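Peer 1: Residues per chain are reported as follows:
There are 2 protein chains.
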Amino acid sequence: MEFVKGNAMVGQSGGPTSAINATLAGVYKAARDSAYIETMYGLVHGIQGLLQGDVVDMSVKLKTDEDLDLLASTPSAYLGSCRFKLPKEEDKPEIYEKIFEMFKNHNVKYFFYIGGNDSMDTVYKLSRYAVKIGYEINIMGVPKTIDNDLAVTDHTPGFGSAAKYIATATREVSRDASVYPSKCVTIMEIMGRNAGWLTAATALARGGNCSAPDLIYVPELMFNIEKFLEDVRRVSEKKSSVIVAVSEGAKINKDTYVCEALSKGETDAFGHKHLSGTARVLADMVTDVLGIKTRQIEFGLLQRCAAHCSSATDIAESRMIGAAAVEAAVNGATGEMMYFVRESGSPYRVSVARMDIAKIANVERVIPREWINAEGNDITQEAIDYMLPLIQGEAPVFIEDGVPRHAVLK
Amino acid sequence: MEFVKGNAMVGQSGGPTSAINATLAGVYKAARDSAYIETMYGLVHGIQGLLQGDVVDMSVKLKTDEDLDLLASTPSAYLGSCRFKLPKEEDKPEIYEKIFEMFKNHNVKYFFYIGGNDSMDTVYKLSRYAVKIGYEINIMGVPKTIDNDLAVTDHTPGFGSAAKYIATATREVSRDASVYPSKCVTIMEIMGRNAGWLTAATALARGGNCSAPDLIYVPELMFNIEKFLEDVRRVSEKKSSVIVAVSEGAKINKDTYVCEALSKGETDAFGHKHLSGTARVLADMVTDVLGIKTRQIEFGLLQRCAAHCSSATDIAESRMIGAAAVEAAVNGATGEMMYFVRESGSPYRVSVARMDIAKIANVERVIPREWINAEGNDITQEAIDYMLPLIQGEAPVFIEDGVPRHAVLK
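If you read the protein sequences in the order shown, they are chains A and B.
Numbering follows my numbering, in which position 275 of the first sequence is assigned residue number 288; successive positions increment by one, without gaps.
Numbering follows my numbering, in which position 344 of the second sequence is assigned residue number 357; successive positions increment by one, without gaps.
Bear in mind the hints are in silico, worked out from the structure with no lab data behind them.
Treat the numbers as computed from the prediction; the structure is a model and nothing was measured.
Just so you know, nobody snuck in bad clues.
It does not matter which identical chain is meant; a pair holds if it fits inside one copy or across any two.
No more than 30 Å apart at the CA atoms, straight line, and that leaves these computed lysine-lysine pairs for DSBU-like:
| # | residue 1 | residue 2 |
| --- | --- | --- |
| 1 | K306 | K264 |
| 2 | K252 | K76 |
| 3 | K101 | K117 |
| 4 | K98 | K252 |
| 5 | K98 | K196 |
| 6 | K252 | K423 |
| 7 | K196 | K74 |
| 8 | K117 | K145 |
| 9 | K101 | K306 |
| 10 | K196 | K105 |
| 11 | K98 | K372 |
| 12 | K98 | K251 |
| 13 | K98 | K306 |
| 14 | K145 | K372 |
| 15 | K372 | K117 |
| 16 | K251 | K306 |
With these hints in hand, go ahead and build the complete structure from the sequences.
Peer 2: In structure tokens:
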């Protein structure tokens with residue numbers, strides 16, 4: 014086998030996570046230390062930046078291992094991200110020509126793209142095009158998403174940190190909710206349109222004297238409003254503080270979100286209509302129908318960027334999978350996606366593998382039915398056992414003047 | 014001076030914070046170690062619990078110093094809280110009789126109440142009543158509130174931890190907001206109806222390559238909608254990601270909250286009207302009038318219970334002020350409130366003092382005008398210098414299975 018020496022490029026794409034920069038740190042460190050990679054360029058705002066020539070030499074700002082540790086602890090995308098679906102070559106050949114002109118001008122022999130499904134599609138299309146035009150380059154994809162909804166991989170880089178924050182916040186909210194003696198139902202709304210992994214992660218708050226959440230509704234099953242009210246009524250007879258976790262993606266039928274079904278829509282001062290959130294409409298309904306005081310909490314954006322509460326396991330694995338992508342590429346791999354294989358559940362042990370991207374169906378991986386309880390209002394111990402290793406350990410945070418310091422490109 | 018030997022009671026009241034249990038730990042440890050206090054009883058749900066005879070012996074569950082460290086790291090109120098304003102003696106003498114009957118039955122010679130303004134009012138009324146009926150008891154108040162809006166004290170226990178979480182989250186949100194190249198205005202809504210201290214704490218995110226927030230609106234000044242739009246327009250011409258912090262209590266005039274002025278109110282499926290949040294109505298307005306994409310975030314409940322991100326300074330001071338209350342009481346003090354005096358700003362050094370509660374006017378302490386900039390869209394360096402020492406250090410967190418463990422009474 015012949016090793017190719019040249020430069021490399023790396024880009025980040027899709028929604029931010031707390032771990033995508035750890036993967037970038039893993040890619041860059043392995044590239045920096047590789048005898049086959051000379052200069053590593055970063056794409057500012059992914060493929061979109063590449064098309065505009067917005068490319069930086071990664072070594073300028075990342076000089077030491079401490080710089081890489083800081084990068085690995087920084088949420089969001091250091092290089093910036095984009096939401097850009099690469100068109101088909103036959104529709105826009107000029108885009109492909111432009112990208113490969115950039116590759117050629119920068120003597121790029123290795124290309125790494127960290128992102129979700131669209132990014133893997135980009136990897137697939139570019140690697141096929143390279144073969145077609147006979148440009149020698151190894152192109153690898155590294156997955157990331159807080160939603161944990163990618164097929165093939167045991168779990169996604171980024172999920173563990175989001176899950177750890179959600180479990181931590183759930184436990185804190187349940188403490189807060191227990192403070193008054195009066196009856197109260199607290200409804201927490203968690204991210205995830207189609208896959209309920211993040212909502213299920215609220216169950217990791219249980220244990221250590223914490224019984225919350227009492228009820229968990231994932232979007233994998235249709236949401237039955239009557240059943241929900243009956244569940245809440247039943248639990249509230251036994252305890253004064255009831256904690257409910259519900260996915261933002263909960264639907265009463267395949268076309269109708271809960272928030273659409275229950276909100277008549279708000280009209281703002283400009284005459285525009287807005288839908289309320291799922292937690293809010295459910296909280297209002299519990300108050301109206303059951304006469305119980307309610308509170309509602311949307312966990313919001315911090316689910317994907319609360320890096321001060323990242324999982325050490327997630328951050329270490331995210332670095333590892335980035336480094337493995339570089340190793341694979343310099344060993345000749347191309348058009349492949351890196352993924353995790355769980356070698357053992359207890360003790361938890363994962364390895365990194367890779368697969369031809371052409372074989373990876375663009376399928377969302379949802380929670381299997383058997384990991385949701387029969388009643389559809391909780392998850393099973395198997396689901397907890399699967400998730401628990403992913404939130405272990407506290408990733409290093411670099412505090413300066415009382416707040417976490419971050420690596421910032423510009 | 015004669016030292017009185019007997020039992021003690023402690024209660025918690027008002028809204029939860031991340032530090033009120035640290036004060037409880039301080040009170041309990043000092044009481045446990047005092048030669049003058051035999052048994053320390055805890056009131057379950059404050060005065061309300063006392064009236065119902067719901068009282069626990071604190072030593073049953075808190076046995077070791079490690080138990081107290083865990084308690085100090087636990088958010089919300091370990092003993093439970095209440096919102097109970099003690100009526101005047103002339104209106105409800107039977108309540109006073111009942112309370113002092115409980116004191117007598119439990120041989121209570123010391124009483125400590127941790128809470129906000131209403132709790133200090135309770136301390137005042139009970140200590141006067143004790144003198145009137147000639148019951149020998151020393152009654153002390155220890156303040157707490159995340160809002161930092163109490164007079165006399167340099168700052169309140171609980172504020173520093175809330176401020177640290179808010180500063181941390183602001184920095185993380187600003188990283189998240191920088192990820193796409195397109196223009197975007199992010200509006201963060203922070204707690205605080207009348208005092209803007211928590212909203213001002215977003216400024217502690219600045220530094221370390223973070224310039225957010227770009228604009229800060231505290232409720233001490235009336236909110237001018239035209240000026241706000243002009244501010245946002247101006248900043249957005251210079252940078253693509255604009256971060257705005259606004260208090261939930263922002264008002265356009267003394268009777269009208271911003272959310273009331275801009276929301277026509279939402280009608281839910283049951284015909285009830287609800288107002289949108291301040292951040293949401295402002296975000297909608299920016300989109301409508303300036304045509305810029307917006308996001309809105311309510312920091313919500315975690316502002317007061319994110320103990321995984323507590324300030325070590327706040328937690329240590331909260332323990333200290335609790336212990337000082339016990340020391341003062343066994344030395345004969347009664348009818349007083351403990352408070353902080355800032356001996357020095359740099360290096361930061363505080364001492365604990367006490368004051369006759371009768372002299373403490375029930376006044377909200379808001380941000381002084383000179384600590385808000387002339388334009389009314391930011392705070393000054395003096396305000397930052399005042400707040401910065403309060404968020405220093407990371408309080409210990411006891412992690413088990415990946416999430417913080419808490420001390421739980423029942």
